[in-house]
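Number of protein chains: 2
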Amino acid sequence: MKVGILGCGQLSRMLALAGWPMGFRFSFLADPDEPVRCVEGLGPVVRQDGLMTARDVYVAMGSPDVITVERESVCVPLLRQLKTFCPVYPDPEIVWAIQNRHREKTLVADLGIPLSPWEVFREHEPVQEAIARIGGFPVVIKSTEDGYDGHNQWVIDNSEQLEAFEKERETLLQKPASKGIHEWIVEKKIVFDREISVIGARTSNGNIVMYTSGENHHNKGILVHSVIPAPDLSELLHNKARDYISRLLQETGYVGVLAVECFVAGNELLVNELAPRVHNSGHWTMDGAATSQFENHLRAIASLPLGSTAHQGGVVGMYNLLGQKHSDDSRVPDQFIAQGTYLHWYNKISRPGRKLGHLNILAENEEELGGSFESLKSQWT
Amino acid sequence: MKVGILGCGQLSRMLALAGWPMGFRFSFLADPDEPVRCVEGLGPVVRQDGLMTARDVYVAMGSPDVITVERESVCVPLLRQLKTFCPVYPDPEIVWAIQNRHREKTLVADLGIPLSPWEVFREHEPVQEAIARIGGFPVVIKSTEDGYDGHNQWVIDNSEQLEAFEKERETLLQKPASKGIHEWIVEKKIVFDREISVIGARTSNGNIVMYTSGENHHNKGILVHSVIPAPDLSELLHNKARDYISRLLQETGYVGVLAVECFVAGNELLVNELAPRVHNSGHWTMDGAATSQFENHLRAIASLPLGSTAHQGGVVGMYNLLGQKHSDDSRVPDQFIAQGTYLHWYNKISRPGRKLGHLNILAENEEELGGSFESLKSQWT
Numbered sequence: 100m101k102v103g104i105l106g107c108g109q110l111s112r113m114l115a116l117a118g119w120p121m122g123f124r125f126s127f128l129a130d131p132d133e134p135v136r137c138v139e140g141l142g143p144v145v146r147q148d149g150l151m152t153a154r155d156v157y158v159a160m161g162s163p164d165v166i167t168v169e170r171e172s173v174c175v176p177l178l179r180q181l182k183t184f185c186p187v188y189p190d191p192e193i194v195w196a197i198q199n200r201h202r203e204k205t206l207v208a209d210l211g212i213p214l215s216p217w218e219v220f221r222e223h224e225p226v227q228e229a230i231a232r233i234g235g236f237p238v239v240i241k242s243t244e245d246g247y248d249g250h251n252q253w254v255i256d257n258s259e260q261l262e263a264f265e266k267e268r269e270t271l272l273q274k275p276a277s278k279g280i281h282e283w284i285v286e287k288k289i290v291f292d293r294e295i296s297v298i299g300a301r302t303s304n305g306n307i308v309m310y311t312s313g314e315n316h317h318n319k320g321i322l323v324h325s326v327i328p329a330p331d332l333s334e335l336l337h338n339k340a341r342d343y344i345s346r347l348l349q350e351t352g353y354v355g356v357l358a359v360e361c362f363v364a365g366n367e368l369l370v371n372e373l374a375p376r377v378h379n380s381g382h383w384t385m386d387g388a389a390t391s392q393f394e395n396h397l398r399a400i401a402s403l404p405l406g407s408t409a410h411q412g413g414v415v416g417m418y419n420l421l422g423q424k425h426s427d428d429s430r431v432p433d434q435f436i437a438q439g440t441y442l443h444w445y446n447k448i449s450r451p452g453r454k455l456g457h458l459n460i461l462a463e464n465e466e467e468l469g470g471s472f473e474s475l476k477s478q479w480t
Numbered sequence: 100m101k102v103g104i105l106g107c108g109q110l111s112r113m114l115a116l117a118g119w120p121m122g123f124r125f126s127f128l129a130d131p132d133e134p135v136r137c138v139e140g141l142g143p144v145v146r147q148d149g150l151m152t153a154r155d156v157y158v159a160m161g162s163p164d165v166i167t168v169e170r171e172s173v174c175v176p177l178l179r180q181l182k183t184f185c186p187v188y189p190d191p192e193i194v195w196a197i198q199n200r201h202r203e204k205t206l207v208a209d210l211g212i213p214l215s216p217w218e219v220f221r222e223h224e225p226v227q228e229a230i231a232r233i234g235g236f237p238v239v240i241k242s243t244e245d246g247y248d249g250h251n252q253w254v255i256d257n258s259e260q261l262e263a264f265e266k267e268r269e270t271l272l273q274k275p276a277s278k279g280i281h282e283w284i285v286e287k288k289i290v291f292d293r294e295i296s297v298i299g300a301r302t303s304n305g306n307i308v309m310y311t312s313g314e315n316h317h318n319k320g321i322l323v324h325s326v327i328p329a330p331d332l333s334e335l336l337h338n339k340a341r342d343y344i345s346r347l348l349q350e351t352g353y354v355g356v357l358a359v360e361c362f363v364a365g366n367e368l369l370v371n372e373l374a375p376r377v378h379n380s381g382h383w384t385m386d387g388a389a390t391s392q393f394e395n396h397l398r399a400i401a402s403l404p405l406g407s408t409a410h411q412g413g414v415v416g417m418y419n420l421l422g423q424k425h426s427d428d429s430r431v432p433d434q435f436i437a438q439g440t441y442l443h444w445y446n447k448i449s450r451p452g453r454k455l456g457h458l459n460i461l462a463e464n465e466e467e468l469g470g471s472f473e474s475l476k477s478q479w480t
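Here the protein sequences line up with chains A and B, keeping their order. The working numbering puts the first sequence at residues 100 to 480. The working numbering puts the second sequence at residues 100 to 480.
Chain A with its partners taken away, still in its complex shape:
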């Protein structure tokens, strides 16, 4: 099985490392300026330029048997054209829907799955009215595209902050069309108890597996660590999470791994966002589940039976190793490898805040895991 992946980051790396043992071969498509160190050695890298047709890309990638993506910010027209040469999973249309918050929320809402109240506004449209319609401050404004890890998001608690946003909007609108942001959604800022995510996979013939839901902890919009299973999550909420992901997978005819981030507010579970791909909050599955999200994504897109998602006994933790301010090298932090600790390193150049690797931790209980997190926080600075 030859797999072509659009993107050359850590998710592509981990997909390839999951597929090599099964005899899969990989090729990667890189944007003109994209770093490719993560996939170095794992298969040929094709550097895209504006002159290549979809056929050129397909042939340069070695005529793969199936094409997939490691991120939602891909060129959907190219993806649609590649589909004339081989299957593309997930389907370009679901990638297209999810890469824009307006379309994404419409998709979720149309399935009757709860979201925080939201409205959309474009360019110079007044935002005050939209805010009023969803019940006033506090709100969060997000660009409908180009948002990730907290970029292009504004938390608005009062009129002063709204005014500041309006000024910034003017600046953004003056940028050239291709770089600018022209549409936003505004959503009610949820006072949520915590964020959980649920990850599932589906094959083209409709088989579905789901992983145990985990709880995610962010800092400035970037995932710092996850705990699996989400501590003390009620059976009701676990079931809601399973219901959402299975409906999303089934109703959209999805093929591959899908991740759903949700806010927990009391007994409510509101979808925050979807990711049509393997996801950072599922990295724990590499050591904490019978089959990793990466292997199951490959099994799904290769039309092979999915593997068990059973999680290891005890509690599993995932801790992101983010680039630190003063670190100027890419020294592998193998001093963190311990008895129940597994390192996954991405071969990147260090930069502050950049995801350089992660550790999976298998612990007896939440207290033990908490201790490991504390110790990591104090060492990895």
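Heads up, some of the hints might be wrong.
Because identical chains share one entry, a pair is satisfied inside a single copy or across any pair of copies.
Straight-line distance between alpha carbons at most 30 Å, and here's what the computed DSS-like set of lysine-lysine pairs gives [said to hold, decoys possible]: (1) K319 - K424; (2) K101 - K454; (3) K101 - K424; (4) K476 - K101; (5) K241 - K287; (6) K101 - K447; (7) K319 - K476.
Calculated directly from the structure, the hints in this document are not laboratory data.
The hints should help you fit chain B onto chain A, whose structure is shown.
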């Protein structure tokens, strides 16, 4: 961490695939005619020729931080010289001891670990006397070197078979010294109930982990499948196996993974042979244990804490995919990938009897696993 491995077979492949996620980098040393497809893409391959000094080899391999082996049949003088440039694990002297059955048995016997009664004889020395000393027929004669997967072994049940062996011995002795076999051991043929193997790892500071013992099933000297844990193995025998491996690791100051094959005869556990490396009977650990034998070998030689060897609940099976007579291609048999089944494929050219890959199977119980084995036997022919 840069790791140099002597050998380019499937064990090197699986070591590299276990090390890549941890940020390890690999280089491989190939014999002049050795196929290198198994490690293709996983790191530079240095093709050894007779003119290279140990320093040349070390530099060509990229000056690794540590050197290890994937087989015992390596050039020990080279290994000894490489030790002047970086650590070599396991130590060349233990590799030297194990690569010769006479030295291997002496090592085991000196530790007071039980073996089948045995004697050694050289060149034209009479074998009848040796056979008489160990109690007469039936016996097994094995060359002290160059034996693997049943090669250079003779089962002798009576005088006629001994006569046939003596004729063959004459022919072998007439071969040029470098190709000939000049020393044999003869051992009492044990009426054993079954063969089990036990695998352990040790770090240079003396930490030891051991995996659950498994039962091995061979056909014509080649491992066909393993079942873990070894079914209905008494606590007494489990403990004996653990005692043997921990003494072998500790007393020899071993660093890395060591495998010990044993015969079970009633309440007796007799050592059959040692392997100073990761071992086919430990491949189940890739999907059936918290940490694979490959990762633990790397952790050991890199002086990192060893990972948990806890095995998944239920029963784990390993099934070797051996090249079949009529198959002339290297088609990946991904049709075997099922819910609880994990494929590891070595990227080799198919040849009858050659180990092309293996499947790990996670099952509820022995009956279920037996059914999977039966189904595989009927399909993989």
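Exercise. For this structure, which hints from the list above don't hold up?
Worked result: none
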